[in-house]
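**Student:** With the hints as constraints, model all of the structure from the sequences given.
Number of protein chains: 2
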Amino acid sequence: MNIAIIGLGLIGGSLAKSIKTYTKYRCWGMDCDQQALTKALADGAIDRKISPEQLKDAQLTIVCLHPQATVEVLLANSDHFNPQGLVIDVCGVKKAVMDAVLPTLKAKGVTFIGTHPMAGREFSGYDYATNDLFSHASFIMTPPENTPSEAIDFLERLAIELGFKRVVITTPAEHDATIAFTSQLAHVVSNGYIKSPTLKNESGFSAGSFLDLTRVARLNPAMWTQLFLYNREALLFEIDTIIKHLEEYQEALVENDGERLQYLLKIGSDLKEESLKGSH
Amino acid sequence: MNIAIIGLGLIGGSLAKSIKTYTKYRCWGMDCDQQALTKALADGAIDRKISPEQLKDAQLTIVCLHPQATVEVLLANSDHFNPQGLVIDVCGVKKAVMDAVLPTLKAKGVTFIGTHPMAGREFSGYDYATNDLFSHASFIMTPPENTPSEAIDFLERLAIELGFKRVVITTPAEHDATIAFTSQLAHVVSNGYIKSPTLKNESGFSAGSFLDLTRVARLNPAMWTQLFLYNREALLFEIDTIIKHLEEYQEALVENDGERLQYLLKIGSDLKEESLKGSH
Numbered sequence: 025m026n027i028a029i030i031g032l033g034l035i036g037g038s039l040a041k042s043i044k045t046y047t048k049y050r051c052w053g054m055d056c057d058q059q060a061l062t063k064a065l066a067d068g069a070i071d072r073k074i075s076p077e078q079l080k081d082a083q084l085t086i087v088c089l090h091p092q093a094t095v096e097v098l099l100a101n102s103d104h105f106n107p108q109g110l111v112i113d114v115c116g117v118k119k120a121v122m123d124a125v126l127p128t129l130k131a132k133g134v135t136f137i138g139t140h141p142m143a144g145r146e147f148s149g150y151d152y153a154t155n156d157l158f159s160h161a162s163f164i165m166t167p168p169e170n171t172p173s174e175a176i177d178f179l180e181r182l183a184i185e186l187g188f189k190r191v192v193i194t195t196p197a198e199h200d201a202t203i204a205f206t207s208q209l210a211h212v213v214s215n216g217y218i219k220s221p222t223l224k225n226e227s228g229f230s231a232g233s234f235l236d237l238t239r240v241a242r243l244n245p246a247m248w249t250q251l252f253l254y255n256r257e258a259l260l261f262e263i264d265t266i267i268k269h270l271e272e273y274q275e276a277l278v279e280n281d282g283e284r285l286q287y288l289l290k291i292g293s294d295l296k297e298e299s300l301k302g303s304h
Numbered sequence: 025m026n027i028a029i030i031g032l033g034l035i036g037g038s039l040a041k042s043i044k045t046y047t048k049y050r051c052w053g054m055d056c057d058q059q060a061l062t063k064a065l066a067d068g069a070i071d072r073k074i075s076p077e078q079l080k081d082a083q084l085t086i087v088c089l090h091p092q093a094t095v096e097v098l099l100a101n102s103d104h105f106n107p108q109g110l111v112i113d114v115c116g117v118k119k120a121v122m123d124a125v126l127p128t129l130k131a132k133g134v135t136f137i138g139t140h141p142m143a144g145r146e147f148s149g150y151d152y153a154t155n156d157l158f159s160h161a162s163f164i165m166t167p168p169e170n171t172p173s174e175a176i177d178f179l180e181r182l183a184i185e186l187g188f189k190r191v192v193i194t195t196p197a198e199h200d201a202t203i204a205f206t207s208q209l210a211h212v213v214s215n216g217y218i219k220s221p222t223l224k225n226e227s228g229f230s231a232g233s234f235l236d237l238t239r240v241a242r243l244n245p246a247m248w249t250q251l252f253l254y255n256r257e258a259l260l261f262e263i264d265t266i267i268k269h270l271e272e273y274q275e276a277l278v279e280n281d282g283e284r285l286q287y288l289l290k291i292g293s294d295l296k297e298e299s300l301k302g303s304h
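Note that the protein sequences, when read in sequence, are chains A and B. 25 is the number of the first residue of the first sequence in this note's numbering; add one for each residue after it. 25 is the number of the first residue of the second sequence in this note's numbering; add one for each residue after it.
One or more hints might be untrue.
Identical chains share a label here; the pair holds if one copy fits it or two copies do between them.
Listed below are the simulated DSS-like cross-link pairs for lysine-lysine, each with C-alpha atoms no more than 27 Å apart in a straight line [as the list claims (entries may be wrong)]:
| # | residue 1 | residue 2 |
| --- | --- | --- |
| 1 | Lys63 | Lys48 |
| 2 | Lys301 | Lys224 |
| 3 | Lys301 | Lys219 |
| 4 | Lys268 | Lys290 |
| 5 | Lys290 | Lys48 |
| 6 | Lys268 | Lys44 |
| 7 | Lys80 | Lys48 |
| 8 | Lys219 | Lys268 |
| 9 | Lys301 | Lys80 |
| 10 | Lys224 | Lys290 |
By construction, these hints were calculated from the structure, which means they are not laboratory data.
**Tutor:** Next comes the structure, spelled out in structure tokens:
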């Protein structure tokens, strides 16, 4: 089995390292960044670097680029992919990417599945790639209709081999709506939280809550801008929702209404407690 | 040296355990919850339970109750405290508590210092108390004017002995303004975050960012209501500030303005990066 990875950043590099650590598959790399390729070769994260023409010998190709580049590379290489093989991407938004590439890939007979390994760090690039990035993560798949079940089964087994804790199969639209809440909103809120002018006095006054709330404030602005724009409506719904809830606490405080404030806090606390019970 | 602790909840219980683990001082306990007293005695977290009349033999009394109860207990026991000793509280707000108790305690000749051990958990009560709760925490002190320097020096040494990483001395008003941002806002935002209707689909779609953003959504509603009301203006400023910032991302998204969105994200990301450099 030959697995080609296009883009050896945090996710691509971590997939390569995980493939070489936990499986016996060959792992090939493509990247316009020569340094990343050199490092990945030196680390043994890839067995060799390849050219687009060699993609035809890969049974699985994983495109690990930012959303726009993912679409561009998938379209530009539609003639190079192995028609008997499988091609997947790892973008954090699924509907926009899949809508953009599926017609072309289908026409070439290429089997394509959108995926989203739910892991990341507040640092990007190959230098931060590790072979345990996915160890507590969900591997989400959004296979198009009529995807051969062998392709889905194969990916599921691979994800478990690579250390993912759980595989979730859903539709692109459901994925995007949920991710707007569980991931995109977190980055927006964290990035907005840190902007208070009071930040200048923070040193010595912070416990875990400040660090937790602002951990993902540090992000890759270009990548997240693409992810947000590709998922505008769902994210706008979530931003709107949290603003409305924050305004409820605000109103209770303005009115010095302790009973109302305590009621609002209890609702949130109970929801979190339920959520903790439900998670494994 | 006899140290009396009034209120053996998460903070009081953790202080008792830390005192008995890291110092040779005697530790006495008072609590209206007989179970907590019994457990603390069985754990060796306190040497004995005492009555209010015995507070006169304590060189240090630490009141570890919710804000309103702290004020009530400090006023109710003003005749019992040792006038040669030191009395401190550990509330998360300082100005309202100190304004309420200082005139009475001063009139009785009692030395009082407001403190805030910057540690906590999303669980409350003696059962969650540990002897390492403070190991990475700041110990904040807001001594009134004319506090004897020996009292401040003694508390500073004690805090270090108990494992605190750092001691910060500031005014009640500065403490409250900063804490509104670093702690209170975190609890409001986290509690509001979890209220999206999308929560019901969260399972399997969450990476670290969702868990970080919602960790402190689970809180003690009664205690936090008191803390928030005692610090209304500062907290309202912070809620107002984050809503304004969230509205900026919202506007950029509505207008599909990628350049603006990326600019807004870069400001937050840079602020977090600076903040990480500044912290130790």
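**Student:** Next step is simple, just say for each hint if it's right about the structure.
**Tutor:** Status of the hints after comparison with the structure:
no., hint, result
1, Lys63 to Lys48, "within (20 Å within a copy, 55 Å between copies)"
2, Lys301 to Lys224, "between (38 Å within a copy, 13 Å between copies)"
3, Lys301 to Lys219, "between (33 Å within a copy, 16 Å between copies)"
4, Lys268 to Lys290, "both (17 Å within a copy, 25 Å between copies)"
5, Lys290 to Lys48, "neither (51 Å within a copy, 41 Å between copies)"
6, Lys268 to Lys44, "neither (47 Å within a copy, 47 Å between copies)"
7, Lys80 to Lys48, "within (20 Å within a copy, 73 Å between copies)"
8, Lys219 to Lys268, "both (20 Å within a copy, 10 Å between copies)"
9, Lys301 to Lys80, "neither (47 Å within a copy, 46 Å between copies)"
10, Lys224 to Lys290, "between (31 Å within a copy, 18 Å between copies)"
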